[in-house]
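**Q** Working from the sequences, and respecting the hints, build out all of it.
Those sequence lines, one after another, are chains Y and V.
No gaps in the numbering here: position 48 of the first sequence is 48 in my numbering, and each next residue is one more.
No gaps in the numbering here: position 19 of the second sequence is 19 in my numbering, and each next residue is one more.
These are calculated hints, taken from the structure and not from any lab test.
Please note that a few of the clues may not be correct.
Said to hold, decoys possible - Derived list of chain V stretches under chain Y, where covered just means 3 residues or more per stretch with a C-beta under 8 Å from a C-beta of chain Y:
1. 46–60
2. 82–93
3. 98–107
The C-beta atom is built at its ideal place from N, Cα and C for all residues, glycine as well.
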Amino acid sequence: MNMQDRPLGPDILARLTVNTEPWLSCDDCFRHVDEYVERLLAGATDPMPAMRVHLRACPACAEEAQTVLELAAEDAGVAVPAVEWQ
Amino acid sequence: MTTVGPGPAPVTTPVEQTDWVAALSIPGPLQERALVELHALLLRAARRQVQRMGLRATHVAEELANQAADEALMTLLGKLHTFEGRSRFTTWAYKFAVLQAATAVRTLAWQDREIHLDGLDLVPDGRPGPGHYAEAVDLAQALRAAVDTELTSHQRRIVIALLVDEVPIDVLAQRLGTNRNALYKALHDARKRLRAHLRETGFLDDQAGKP
Ligand SMILES: [Zn+2]
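**A** See the structure below:
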């Protein structure tokens, strides 16, 4: 068996142990992301906790949500808020 | 210009989201105009995603963004009836192009890279932060053991590929013939098992919420 060594640094430890409750799927994240970013732009601090949890744990959804957030911010004429997932 | 939309009004007039759905649904000149404007909007979103992911503004990037916009338009039209007005129509539309573009960029970036799913060994990083050496090494060893003993072989492969080797989830889904949802669910279950094991072995204090 060809064993490959992979260093287990602090970033990986954090990724392995992040709490992903409450459960939300990537499909549900996609379903809600437009509403979620608009609520953030409207000033809500944590409008959908399950979305926040998913975006912290799923880099693909997070890098997509960031673009939707920026585009919606431009349309609304407001600054892009700092978000936890980046 | 971001507020243009279909409708009899001049293109500079903002339109309500309901106008978009109606304009896109009824064949005629208004629908044609709405399709052109929607495509432009999707292209803007696709280009932005392509930029975000570090693809330089080349012919390849532009072609990829255009293709993503085309495909997103088809997907969106098929789901037009699912738009509930929970956001602006434009925000709802962007996400289709963003998803399409992101997946295409990841696929391109990984097309020539092999993903090793067999044979793995996790070793503690030899460079923990100062002052945390013993703690970090202990946690890393506990996690390494937990990955070996607590996860199924399927979960272990997915955890290593996604979290350690950082294979994008949609790329891994393509290679394994599955989908993003199923992989994220496997990951969720694996993380739950790892956290439970760390809790039992005293490495995780759930009151504090983190290891
Ligand atoms: Zn996701």
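**Q** Compare the structure with each hint and give your call.
**A** How the hints compare with the structure:
Under the rule that three or more residues need a Cβ within less than 8 Å of chain Y, the assignment of the region 46–60 of chain V holds, with 4 such residues. Counting residues of the region 82–93 of chain V whose C-beta sits closer than 8 Å to any C-beta of chain Y gives 6, which meets the bar of three, so the coverage hint holds. Interface restraint, the region 98–107 of chain V with chain Y: holds (4 residues with C-beta to C-beta distance below 8 Å; minimum three).
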